[in-house]
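Starting from the structure of chain F, add chain W where the hints point.
Note that the protein sequences, when read in sequence, are chains F and W. Residue numbering for the first sequence follows numbering that gives the first Met the number 0, starting at 0 and increasing by one per position. Residue numbering for the second sequence follows numbering that gives the first Met the number 0, starting at 0 and increasing by one per position.
Not one of these hints is a red herring.
When chains are identical, the list treats them as one kind, so a pair holds in a single copy or across two.
The calculated EDC-like cross-link candidates involving lysine to aspartate or glutamate, where the alpha carbons are at most 16 Å apart (straight line), are:
id, residue 1, residue 2
1, Lys74, Glu293
2, Lys74, Asp294
3, Lys343, Asp303
4, Lys239, Glu18
5, Lys343, Glu50
6, Lys239, Glu2
Since the hints were derived computationally from the structure, they do not count as laboratory data.
2 protein chains.
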Amino acid sequence: MFEFRILGICPETGARAGELITPHGVIPTPVFMPVGTRATVKAMSPREMLEIGTSILLSNTYHLYLRPGVDLIRKAGGLHRFMNWDGPILTDSGGFQVFSLSGINRVLDEGVEFASHLDGSRHLMTPELATSVQEGLGSDIAMCFDQCVELPCAKDEARQSVERTLRWARQSQEAHTREDQALFGIVQGALFDDLRSFCAQELIQMKFPGYAIGGLSVGESHDEMYRILDLLNPVLPQDKPRYLMGVGYPTNLVEGVARGVDMFDCVLPTRNGRNGTILTSQGRYNIKHGRFTEDWGPLDPHCDCYACREFSRAYIRHLYRSGEILGARLCSWHNLRYLIRLVKGAREAILNGTFPLYRASFHRLFEGGES
Amino acid sequence: MFEFRILGICPETGARAGELITPHGVIPTPVFMPVGTRATVKAMSPREMLEIGTSILLSNTYHLYLRPGVDLIRKAGGLHRFMNWDGPILTDSGGFQVFSLSGINRVLDEGVEFASHLDGSRHLMTPELATSVQEGLGSDIAMCFDQCVELPCAKDEARQSVERTLRWARQSQEAHTREDQALFGIVQGALFDDLRSFCAQELIQMKFPGYAIGGLSVGESHDEMYRILDLLNPVLPQDKPRYLMGVGYPTNLVEGVARGVDMFDCVLPTRNGRNGTILTSQGRYNIKHGRFTEDWGPLDPHCDCYACREFSRAYIRHLYRSGEILGARLCSWHNLRYLIRLVKGAREAILNGTFPLYRASFHRLFEGGES
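Extracted from the complex, chain F is given alone in its bound form (with noise of 0.2 Å):
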């Protein structure tokens, strides 16, 4: 039910070309996920997301837990029904977000309690709550309940989050039951290479179908990023899919490519889009300044987007100013088209044996033109 097969790779930098198959249809790799964090992708619709070329959604297990909850959804017949998606859907376990959004957080060695973020609840998740949430859910790709660290983090800490992500993995493993749903482990292990190498290794010995990297895009910089997954690219088995956890910058896509990563995924194509904030191929701007009040061009000029094909820059500048829903809709439009569009061409690039070319128009236009 779930396969992966490498179609092509760079003999320059390794960067791979695939296809992941699952129950919903076949992912062509390196793949960008948008996120659809409550079972929507923030201002789109279902059809916008297939007209874009979304071939994987990403939806927060943390988020659909505490509202509306996994039994509604799974009284919907599945997340896919409920939110009328019909393609591929990877679900986080809620490990970010336990730490990341709730005001009150306690790790224990079975599970993290923690607060809601909308009603100050108290919870705990553990590894096998998180994985039969997701079998409720019904998504394709489910991940393993891990302990997330913030940056800078004491190497006796990242140790101990490890030990725990590990164990966790295992549970996770254990319990999941879904044969339609594949379970992919996460490499936790902050910046310290041993670490994340030891992390690696153990979690290849328990054979999951899919290796993810965690814990980066914290706040460290693109070069330890970058280090992080020149390390692991070798340690990861070839044959299955790597997904780099929540990266989504345009010069980090490409970067990530070139080091392996088959997939991404990042809110921030959308929430970019609700502030103006626009990505091109020549750079990031914010559409609310004032040098866009007379420009009739569209948001960029190389995109093929709905946005860019019929609108002006100076109309949806005027949309912002106005607090329109539409300008956050076209924005958001534009952003996840160019980033599926930018991971999409660094595929060709790799099966017609021009990803070193790719990358380096990429970043001349990219880093050259942003603002």
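Here is chain W on its own, set in the frame of chain F:
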């Protein structure tokens, strides 16, 4: 360039079905016109407006005059190109908004002095300026600048407002130069039958290509509204379109059609949509109500819109409770489609000779089901 043809009349009520030809297309009447206050129908995109069967949009002179300003829209090539809507557009004159939105306003013989609701800046809106702004916007149908009064209203005050409205109508007409834009007169007169008749007869002398009925749906009872419509129905020329301004409640639409009205506009479907109030053939309700928690049916079982075809009440309720934009989008979408279809249905019934049946059936279902 403008022509109004009557294609059928209900022998029992006098309700009319026709078509209004404009430079941007033919408008089948009676018609409901969605409102794009600030050059966008809130939460909707132009292509969605086409999909739900919109044949003409309304936009607001007051709002566009203040932001982004008519100069910018003129530079864009007019409002159609600015907002990417190639169908007909009607603009109001701002007469209503200078009273309802401006904190401070003073009625002078030459116009209305008002303070912008955006930044408090002082402006003088005159019949000449309102006409010139609408010519700059390039709408297909423009409205004379008129004086609205609040209800209840003393007769003296109403008489003065009618006299001013008539004088301003003459000035608007004299100032008007665009041949590709029709200028409609507006009947005022509060709830005084003699003033309403007088105002209508005076306007008719000026030979406008269409007549609007203003100053209703501002707090009077349904019966009072219907009395004024009954009064004006035989007075207004049969061969010109009649537009009942600011009216969008389903019952009023059907009863307006029964009293010879051809055009309606209202923010009700989008405003209701954003707060979760759903208009349906079987009455209205708020989707946030707990009884929809596990309701897997559509918003309206008799509707053919995207929201009703693809999403459940339980899911849309979840979107509202979570503050998700898609909730506002789907409910605005449905409400607009419902009103457009309601009026379109009335048109077909007039042409088929079944309008009295249509009207009775509407009342039975809509008011029977209202919650």
